[in-house]
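2 protein chains.
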Amino acid sequence: MTEIEVQVNKPIIEIASSAGWCFGVERIVEMAEKLLAQRAPDELVYCLGELIHNPQEVERLHARGMVFVKSHDDLPPLAPGTRRKVLIRAHGVAPAVKKILREKGYEIFDGTCPLVTIPHRFAREIVEQGYRLVIMGDREHPEIQGILGELEGLSVRVDVIPGPETEAIKALQLKASDRVGLISQTTHPFEKFAQLIGEVLKHSLEVKAYNTICQATFDRQDAIRELAQRCDLVIVIGGRNSSNTCRLAEIASQYTVCYHIEDASELKGAWLQGKRRIGISAGASTPTRCIEEVRATIEHLSESGRL
Amino acid sequence: MTEIEVQVNKPIIEIASSAGWCFGVERIVEMAEKLLAQRAPDELVYCLGELIHNPQEVERLHARGMVFVKSHDDLPPLAPGTRRKVLIRAHGVAPAVKKILREKGYEIFDGTCPLVTIPHRFAREIVEQGYRLVIMGDREHPEIQGILGELEGLSVRVDVIPGPETEAIKALQLKASDRVGLISQTTHPFEKFAQLIGEVLKHSLEVKAYNTICQATFDRQDAIRELAQRCDLVIVIGGRNSSNTCRLAEIASQYTVCYHIEDASELKGAWLQGKRRIGISAGASTPTRCIEEVRATIEHLSESGRL
Numbered sequence: 028m029t030e031i032e033v034q035v036n037k038p039i040i041e042i043a044s045s046a047g048w049c050f051g052v053e054r055i056v057e058m059a060e061k062l063l064a065q066r067a068p069d070e071l072v073y074c075l076g077e078l079i080h081n082p083q084e085v086e087r088l089h090a091r092g093m094v095f096v097k098s099h100d101d102l103p104p105l106a107p108g109t110r111r112k113v114l115i116r117a118h119g120v121a122p123a124v125k126k127i128l129r130e131k132g133y134e135i136f137d138g139t140c141p142l143v144t145i146p147h148r149f150a151r152e153i154v155e156q157g158y159r160l161v162i163m164g165d166r167e168h169p170e171i172q173g174i175l176g177e178l179e180g181l182s183v184r185v186d187v188i189p190g191p192e193t194e195a196i197k198a199l200q201l202k203a204s205d206r207v208g209l210i211s212q213t214t215h216p217f218e219k220f221a222q223l224i225g226e227v228l229k230h231s232l233e234v235k236a237y238n239t240i241c242q243a244t245f246d247r248q249d250a251i252r253e254l255a256q257r258c259d260l261v262i263v264i265g266g267r268n269s270s271n272t273c274r275l276a277e278i279a280s281q282y283t284v285c286y287h288i289e290d291a292s293e294l295k296g297a298w299l300q301g302k303r304r305i306g307i308s309a310g311a312s313t314p315t316r317c318i319e320e321v322r323a324t325i326e327h328l329s330e331s332g333r334l
Numbered sequence: 028m029t030e031i032e033v034q035v036n037k038p039i040i041e042i043a044s045s046a047g048w049c050f051g052v053e054r055i056v057e058m059a060e061k062l063l064a065q066r067a068p069d070e071l072v073y074c075l076g077e078l079i080h081n082p083q084e085v086e087r088l089h090a091r092g093m094v095f096v097k098s099h100d101d102l103p104p105l106a107p108g109t110r111r112k113v114l115i116r117a118h119g120v121a122p123a124v125k126k127i128l129r130e131k132g133y134e135i136f137d138g139t140c141p142l143v144t145i146p147h148r149f150a151r152e153i154v155e156q157g158y159r160l161v162i163m164g165d166r167e168h169p170e171i172q173g174i175l176g177e178l179e180g181l182s183v184r185v186d187v188i189p190g191p192e193t194e195a196i197k198a199l200q201l202k203a204s205d206r207v208g209l210i211s212q213t214t215h216p217f218e219k220f221a222q223l224i225g226e227v228l229k230h231s232l233e234v235k236a237y238n239t240i241c242q243a244t245f246d247r248q249d250a251i252r253e254l255a256q257r258c259d260l261v262i263v264i265g266g267r268n269s270s271n272t273c274r275l276a277e278i279a280s281q282y283t284v285c286y287h288i289e290d291a292s293e294l295k296g297a298w299l300q301g302k303r304r305i306g307i308s309a310g311a312s313t314p315t316r317c318i319e320e321v322r323a324t325i326e327h328l329s330e331s332g333r334l
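Chains A and B, in that order, give the protein sequences.
Here the first sequence is numbered in this note's numbering, starting from 28 and rising by one per residue.
Here the second sequence is numbered in this note's numbering, starting from 28 and rising by one per residue.
The following block holds chain A by itself, in its conformation from the complex (with noise of 0.2 Å):
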């Protein structure tokens, strides 16, 4: 094999711009240093849910003395005089939560995104102002959770939707005379809220929408679109449960053939067979470190010939 030929079968690696921690992640993953570094010996630092969506930095952290809980209902009210600190991911939580938690004598340290919570403003708004609330979102997301949580005590109807699709426009059973504002999680495809719009409008006689998805989440999907248009393989990393790494690796599929790993322990050889041109994006929990981690990889699986 002469060396120019080597050079033929060695793909090119693209990583698409935008890919990997936003703001509001570095933001938390440094209050949660911050705390872990400023304990006591004895102290507890608890986290409400997982700090972000990233499995490897959960584990790093949880081994830094971080303890994770899925709930609120997890934590037991402290004795008087014990001081015990919990820390809120960028995700947000309902403000009923936050209320419990102070009550059973906790510190709170809020992480939320201060772009999540925009929405809520504007939840808020919309119900005021007399319109029918609709969310395109997923109804177990926190993000969305935070929202509801806002708007409790109203009566009020609020329908969560997962997007623009025939049944879910039908389970709103829109009226020719209704008046419709309408809000996304931060992290939803700006594509497929503009389409919701349209489909609402066409049943309603009004609608009132908010942009709420975030900049980076907006930028990063218009970064794997264009990437994946000249790749012949797109390689996405995040947790499997981070709903805005699994709308990078929708939006690959679209356009080229995509697969969606947490780590480079993942890879297979099999898949870079034969690709000219690939293409790498994260979700927004994923440390630059993974980033690097998966292109070296690649390169070793080309370079080794273990293609």
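Among chain B residues calculated to face chain A with C-beta under 7 Å, some are:
{"#": "1", "residue": "Ile-224"}
{"#": "2", "residue": "Leu-228"}
{"#": "3", "residue": "Val-234"}
{"#": "4", "residue": "Lys-235"}
Pairwise CB distance ranges, derived in the manner of DEER restraints:
{"#": "5", "chain 1": "B", "residue 1": "Lys-202", "chain 2": "A", "residue 2": "Ser-280", "range": "32 to 42 Å"}
{"#": "6", "chain 1": "B", "residue 1": "Asp-101", "chain 2": "A", "residue 2": "Pro-189", "range": "57 to 67 Å"}
{"#": "7", "chain 1": "A", "residue 1": "Glu-192", "chain 2": "B", "residue 2": "Val-284", "range": "29 to 39 Å"}
{"#": "8", "chain 1": "A", "residue 1": "Pro-189", "chain 2": "B", "residue 2": "Val-185", "range": "35 to 45 Å"}
In case anyone wonders, no lab produced these hints; they're calculated from the structure.
Ideal placement from N, C-alpha and C gives every residue a C-beta, glycine not left out.
Fit chain B to the supplied structure of chain A, relying on the hints for placement.
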């Protein structure tokens, strides 16, 4: 040629549901007929602009004594004691025009379609609530002139754009903090409006959009879209200056061969050659008589073997 062969060569002709006159057109033509029926022998009945966008119908009313003028400038102030009637057509006019006519001494009969005046109210609402107003439509169309006239005196930026094309969006110079209110000319395709809303929201903070496309237009466009998909030829009948008719031809052309004609005399035998299923639709200003003539001519052309 055997009888069976003739049967095979004869195309199936389908008239789109919702083709032809809408409620607004029927209403204005009735008003015109009534004014003409009641007029004194020497009395002049004016109409500002073509009553409807159908040259044959305008010709028919002209023959019965209606005087068509292009603009209010063509109507001189009346001598005291002279009575003259002016009919305002379904498209409406700016309030200033009505004021001028009244000052000149004319008696106004306002046939503005009630559906055309709805966007006037919404445009005002949008501006009063502090949103930037963007109108999808043709700036020169009387309907849009009516809306702009309604806002006269308010020193706000109002954009009229043809649709969601990149150049049109760029011209809006949207900012990420912009709150934009959108309405559409009542006869424009809903799909384009929905796309426009999405494009605007992509570059702004909030959109507020009203469903101002009239139901008859909506139904007519839906029907021709459905019909065009199963025809190998579609004939659209209506004035070449009729906005809603042009939209119908535009939609049909996306799916099949389409010709836009004003009346049966324009039909060409060559168009029908080899066509198995021919669809017919007509704009809101096209009388049923005209549709029936086109159907009969197509049947005649195919039966007489002039294909």
